[in-house]
Amino acid sequence: MKNKVTVTIAGQQFTLVGADEEAYALRVAAHVDEQVRKVAADSRMSVVDSAVLAAVNITDQLFREQESSENLRRQIQQALEEAAKLKLELSEAKREIFKLQNKR
Numbered sequence: 001m002k003n004k005v006t007v008t009i010a011g012q013q014f015t016l017v018g019a020d021e022e023a024y025a026l027r028v029a030a031h032v033d034e035q036v037r038k039v040a041a042d043s044r045m046s047v048v049d050s051a052v053l054a055a056v057n058i059t060d061q062l063f064r065e066q067e068s069s070e071n072l073r074r075q076i077q078q079a080l081e082e083a084a085k086l087k088l089e090l091s092e093a094k095r096e097i098f099k100l101q102n103k104r
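In terms of my numbering, the sequence shown has 74 at position 74, counting the first letter as 1, and numbering is strictly consecutive.
Treat the hints as calculated values from the structure; they're not laboratory data.
Careful, some of the hints might be misleading.
Okay, the calculated beta carbon distance ranges per label pair [what the hints assert, rightly or not]:
#, residue 1, residue 2, range
1, 89, 22, 27 to 33 Å
2, 85, 62, 53 to 59 Å
3, 43, 72, 41 to 47 Å
4, 49, 86, 51 to 57 Å
5, 97, 62, 24 to 30 Å
Okay, derived cross-link-like pairs now, DSS-like style, lysine-lysine, Cα gap no bigger than 27 Å in a straight line [stated by the list, open to error]:
#, residue 1, residue 2
6, 87, 103
7, 87, 99
8, 85, 99
No residue lacks a Cβ here, since even glycine has one placed at the ideal position from N, Cα and C.
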């Protein structure tokens with residue numbers, strides 16, 4: 001079901017339509033509004049220019065988070081591979097111990 005939510009960003013109202021809950025849409029809009037206002041406060045840019053620069057900043061944040069997330073995935077994969085290797089070594093060591101105990 002599509003939800004319609006009216007939000008205000010940089011003093012202008014927009015209607016967002018999507019499957020997400022209203023609270024999520026409001027949170028997203030608040031973040032965008034905050035970023036646009038932050039850029040606008042630091043300069044004398046037009047609202048459009050501020051919005052474009054805010055979009056660049058948000059995209060930069062997204063890309064950096066995606067890169068960080070991918071690095072964490074790689075680290076987890078490496079840890080899982082190392083754990084599997086150690087598990088195999090442990091199993092082999094237990095078999096060797098069992099063999100040595102049975103030779104007595």
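Cross-check of the supplied hints:
1. 89 - 22: 27 to 33 Å: violated, 53 Å
2. 85 - 62: 53 to 59 Å: Hint violated: Cβ distance 35 Å, outside 53 to 59 Å.
3. 43 - 72: 41 to 47 Å: Violated - the Cβ-Cβ distance for residue 43 and residue 72, about 35 Å, lies outside 41 to 47 Å.
4. 49 - 86: 51 to 57 Å: This hint holds: roughly 55 Å between Cβ atoms.
5. 97 - 62: 24 to 30 Å: violated, 52 Å
6. 87 - 103: holds, 25 Å
7. 87 - 99: holds, 18 Å
8. 85 - 99: Holds. Residue 85 to residue 99 sits at ~21 Å (cutoff 27 Å).
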